[in-house]
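Work the whole structure out from these sequences, hints included.
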Amino acid sequence: QKEVEQNSGPLSVPEGAIASLNCTYSDRGSQSFFWYRQYSGKSPELIMFIYSNGDKEDGRFTAQLNKASQYVSLLIRDSQPSDSATYLCAVTHGSARQLTFGSGTQLTVLP
Amino acid sequence: DAGVIQSPRHEVTEMGQEVTLRCKPISGHDYLFWYRQTMMRGLELLIYFNNNVPIDDSGMPEDRFSAKMPNASFSTLKIQPSEPRDSAVYFCASRGAGISYEQYFGPGTRLTVT
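Heads up: the protein sequence lines correspond to chains B and H, in order.
Counting from 1, one number per residue, gives the positions in the first sequence under the numbering used here.
Counting from 1001, one number per residue, gives the positions in the second sequence under the numbering used here.
Treat the hints with care, as some may be off.
[Unchecked claim] Here are the simulated lysine-lysine pairs, DSS-like style, with alpha carbons at most 27 angstroms apart: (1) B:Lys-42 / H:Lys-1024; (2) H:Lys-1078 / H:Lys-1024; (3) B:Lys-56 / B:Lys-67; (4) H:Lys-1068 / B:Lys-42; (5) H:Lys-1078 / B:Lys-42; (6) H:Lys-1024 / H:Lys-1068.
Hint data in this document are derived by calculation from the structure and do not stem from the laboratory.
Okay, structure coming up:
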């Protein structure tokens, strides 16, 4: 079983809608959780990280963490065409807290 | 502040040739990670260093791959001999000593082996 699972997508939402991206992980010892955005042909770019249960908001982005359910999500409010990208979920594991990445969810925001 | 720097950005080579990818981490960061990204396998961790010392190379696919970090500002990933299945985008990322463990990625090297 893959350690980090993301809804496979692709996901399409209209401009202005809320995009919801989901991720589950298998290692209960994971402590920190990250969302990266990757535009086509570019490198992953850190959007947000969260390590406490609950919600963390940053502008139009909200990360949600539920450690009991081993679930982390990213909400993008007022989605814009510029949000169209692949979103990678990553969780820490191991003694050095290295990252394991999910396979990503491709998001398209339709004008 | 400069981010992670990688070179070359693109590399096209023939099967059997040696390929060397280079990375300069963010100044002050003490962890350096090498990843490979393909459509089939996603983003895979190959090896990582802490304070220039290789810690875990279990992700290196085979002996054809090797990595070094001779000092805090430079690392190389070498493939010898290269094969077509090595074609991928190779990313270098670095991380500081903060408690949140976030990594910052370089622009990547797109490798094509023909």
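Here is how each hint holds up against the structure:
{"no.": "1", "hint": "B:Lys-42 / H:Lys-1024", "verdict": "holds (18 angstroms)"}
{"no.": "2", "hint": "H:Lys-1078 / H:Lys-1024", "verdict": "holds (15 angstroms)"}
{"no.": "3", "hint": "B:Lys-56 / B:Lys-67", "verdict": "holds (14 angstroms)"}
{"no.": "4", "hint": "H:Lys-1068 / B:Lys-42", "verdict": "holds (25 angstroms)"}
{"no.": "5", "hint": "H:Lys-1078 / B:Lys-42", "verdict": "holds (22 angstroms)"}
{"no.": "6", "hint": "H:Lys-1024 / H:Lys-1068", "verdict": "holds (12 angstroms)"}
Of the hints listed earlier, there is not a single one the structure fails to meet.
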